[in-house]
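Per this note's numbering, the very first residue in the sequence shown carries number 475; after that it's consecutive.
The hints are simulated quantities; they were obtained by calculation from the structure and are not laboratory data. Keep in mind that a hint or two might mislead.
Stated by the list, open to error - In silico SDA-like pairs for lysine to any residue, Cα to Cα no more than 20 angstroms straight-line:
| hint | residue 1 | residue 2 |
| --- | --- | --- |
| 1 | 602 | 539 |
| 2 | 622 | 480 |
| 3 | 622 | 557 |
| 4 | 508 | 590 |
| 5 | 499 | 604 |
| 6 | 615 | 586 |
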Amino acid sequence: MTTLKFDDIYMELAANLAKKSHCIKRHVGAVLTKDTRIISIGYNGPPAGTHNCDEEFPETGCARDSKGSCSLAIHAEQNAILYAVRNNASVEGSTLYVTLSPCLACARIIYSMGIEKVIYLKSYAEYKGLAVDEGVTFLEKFGVRTEKYQGEVKGLTALI
475 MTTLKFDDIY MELAANLAKK SHCIKRHVGA VLTKDTRIIS IGYNGPPAGT HNCDEEFPET
535 GCARDSKGSC SLAIHAEQNA ILYAVRNNAS VEGSTLYVTL SPCLACARII YSMGIEKVIY
595 LKSYAEYKGL AVDEGVTFLE KFGVRTEKYQ GEVKGLTALI
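Kindly produce the complete structure, drawing on both the sequences and the hints.
Written as structure tokens, this is what we have:
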């Protein structure tokens, strides 16, 4: 029997968490780990206690902000970080696994929280049609290690 690597386990979990998303545009999952232990998980969606976009606005999704992004959504990595901090878990020195590379705003949060490494499955720049992954560039510039996941994740949803 082949033993799975932690990177494979955590990215598979992030991909499965993405399936919990109620966003009609994109499903994203995140797993925050430290010392081979999971400290938090997250997926993109509106804040708890509001509404699920696919239920409230099944045809169009939630309203867009001035930049064309969802007006209600909290990104998967933000949800994972916020949940960890809310529950008094230290995220400093942790590794974040995420199914879509961080946007610039998330990258700033990741850096500010002291997360050491980000492993991502797919490119945010490719998804948005941008020339570069601004979030990845930002993280690398300020010493956060980034890595595009090279393994294979089975059972991905079409919206990941």
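Each hint tested on the structure:
Between residue 602 and residue 539 the CA atoms are separated by roughly 15 angstroms; this keeps the pair inside 20 angstroms, and the hint holds. This hinted pair checks out: residue 622 and residue 480 have alpha carbons roughly 15 angstroms apart, not beyond 20 angstroms. Distance restraint check for residue 622 and residue 557: the Cα-Cα separation of roughly 24 angstroms exceeds the 20 angstroms cut-off, and the hinted pair is therefore not satisfied. A hinted pair counts as satisfied when its Cα atoms are at most 20 angstroms apart, and residue 508 with residue 590 qualifies at roughly 10 angstroms.
For the proposed pair residue 499 and residue 604, the alpha carbon gap of about 17 angstroms is at most 20 angstroms, so the pair holds. A C-alpha spacing of about 13 angstroms is found between residue 615 and residue 586, which places the hinted pair at or below 20 angstroms, so the restraint holds.
The earlier numbered hint that this structure contradicts is number 3, and it is the only one.
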